[in-house]
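Protein chains: 2
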Amino acid sequence: MAAQKLSETELQQALNSLPGWQIKEGKLYKEYKFKDFSTALGWMVTVGVHAEKMGHHPEWFNVYNTVRVNLVTHDIGNAISNLDVELAKKMEENYK
Amino acid sequence: MAAQKLSETELQQALNSLPGWQIKEGKLYKEYKFKDFSTALGWMVTVGVHAEKMGHHPEWFNVYNTVRVNLVTHDIGNAISNLDVELAKKMEENYK
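Just so you know, the protein sequences line up as chains A and B, in that order.
The first sequence finishes on residue 96 if you use full-length UniProt numbering, and the numbering steps up by one all the way, no holes.
The second sequence finishes on residue 96 if you use full-length UniProt numbering, and the numbering steps up by one all the way, no holes.
These aren't lab readings, by the way, just hints derived from the structure by calculation.
It is possible that some hints are incorrect.
If several chains are the same, the list does not tell them apart, and a pair holds so long as it fits within one copy or across any two.
To be verified - Calculated pairs, EDC-like style, for lysine to aspartate or glutamate (alpha carbon to alpha carbon, straight line, at most 16 Å):
1) Lys96 / Glu52
2) Lys53 / Glu31
3) Lys53 / Asp36
4) Lys35 / Glu52
5) Lys5 / Glu93
6) Lys5 / Glu52
7) Lys90 / Glu31
8) Lys96 / Glu8
9) Lys30 / Glu86
10) Lys30 / Glu93
11) Lys96 / Asp36
12) Lys89 / Glu25
13) Lys33 / Glu10
14) Lys35 / Glu25
15) Lys30 / Glu92
16) Lys5 / Asp75
17) Lys24 / Glu52
18) Lys5 / Glu31
19) Lys53 / Glu8
Turn these sequences into a full structure, and let the hints steer you where they fit.
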């Protein structure tokens, strides 16, 4: 799927459907908290497989039970695209 | 295993046996490069299982084929310990 930069309106609509997500330094950002390290790592694997399938990958930081995610699309000049929103939705779906 | 802060000498000896590792902002730091995202993620899983077994976890950032690792021991006042060196060695062993 080709990446398309979102308009301000599309971005606002997307944020309304993504609890806890915000725009931070031009990227789609969320801090996830898990029960423990293994749970965090397991979630990263599940989400990572989806990311690989999409050909669209996150920037993410993990320490113990915390994962901080930044999503942005390099191919369209570091803007937020439909692919970032799609990946964020996959992250939400797999977060319990 | 209990964490023990390393002396300057012990730290230097450890660094000599850990190619590409350095001290950065008081932490043991290395940037790993992999063939692709899947290889990077697979390595994180392997290393993560070791970390969990040790009860000692990395701070790490991933984007695509890059993983940046910071190791420090919170329990002993954010100093570098034998556990950090042990985890760094596991990372090296599993890096091809």
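So, going through the hints one by one against the coordinates:
Within a single copy, Lys96 and Glu52 get their C-alpha atoms no closer than 21 Å, and across copies no closer than 21 Å, so neither meets the 16 Å cut-off. Taking identical chains as interchangeable, the C-alpha atoms of Lys53 and Glu31 are never at most 16 Å apart, the minima being 23 Å within one chain and 25 Å between chains. In the homo-oligomer, the alpha carbons of Lys53 and Asp36 lie at most 16 Å apart only across protomers (13 Å), although the nearest pairing inside one protomer, at 26 Å, exceeds that limit. Taking CA atoms no more than 16 Å apart as the test, Lys35 paired with Glu52 passes between copies only; the shortest distance there is 13 Å, against 25 Å inside one copy.
With identical chains, the CA atoms of Lys5 and Glu93 are never at most 16 Å apart, being 23 Å at best within one copy and 42 Å at best between copies. Within a single copy, Lys5 and Glu52 get their C-alpha atoms no closer than 20 Å, and across copies no closer than 39 Å, so neither meets the 16 Å cut-off. Proximity of Lys90 to Glu31 under the C-alpha cut-off of 16 Å is restricted to the intra-copy arrangement: shortest distance 15 Å within a copy versus 28 Å between copies. Proximity of Lys96 to Glu8 under the C-alpha cut-off of 16 Å is found in neither arrangement, the shortest distances being 29 Å within a copy and 44 Å between copies.
For the homomeric pair Lys30 and Glu86, the shortest alpha-carbon distance inside one copy (14 Å) is at most 16 Å, but the shortest distance between copies (31 Å) is not. For the identical chains of this complex, Lys30 and Glu93 are intra-copy neighbours only, at 14 Å inside a copy versus 33 Å across copies, given an alpha-carbon limit of 16 Å. In the homo-oligomer, the alpha carbons of Lys96 and Asp36 lie at most 16 Å apart inside one protomer (13 Å), although the nearest pairing across protomers, at 28 Å, exceeds that limit. In this homomeric assembly, Lys89 and Glu25 never come within 16 Å of each other (Cα to Cα): the closest approach is 20 Å inside a single copy and 35 Å across copies.
With identical chains, the CA atoms of Lys33 and Glu10 are never at most 16 Å apart, being 27 Å at best within one copy and 35 Å at best between copies. In this assembly of identical chains, the alpha carbons of Lys35 and Glu25 never lie at most 16 Å apart, being 28 Å within a copy and 29 Å across copies at closest. Taking identical chains as interchangeable, the C-alpha atoms of Lys30 and Glu92 lie at most 16 Å apart only when both belong to the same chain, with a minimum of 10 Å there against 31 Å between chains. For the homomeric pair Lys5 and Asp75, the shortest alpha-carbon distance inside one copy (10 Å) is at most 16 Å, but the shortest distance between copies (44 Å) is not.
In the homo-oligomer, the alpha carbons of Lys24 and Glu52 never lie at most 16 Å apart, since the shortest distance is 24 Å inside one protomer and 31 Å across protomers. When the C-alpha separation of Lys5 and Glu31 is checked against a cutoff of 16 Å, the pair qualifies neither within a copy, at 23 Å, nor between copies, at 31 Å. Proximity of Lys53 and Glu8 under a CA criterion of 16 Å is satisfied in neither setting, with 27 Å inside one chain copy and 46 Å between copies.
This entry does not satisfy hints 1, 2, 5, 6, 8, 12, 13, 14, 17, 18, 19, going by the numbered hints stated previously.
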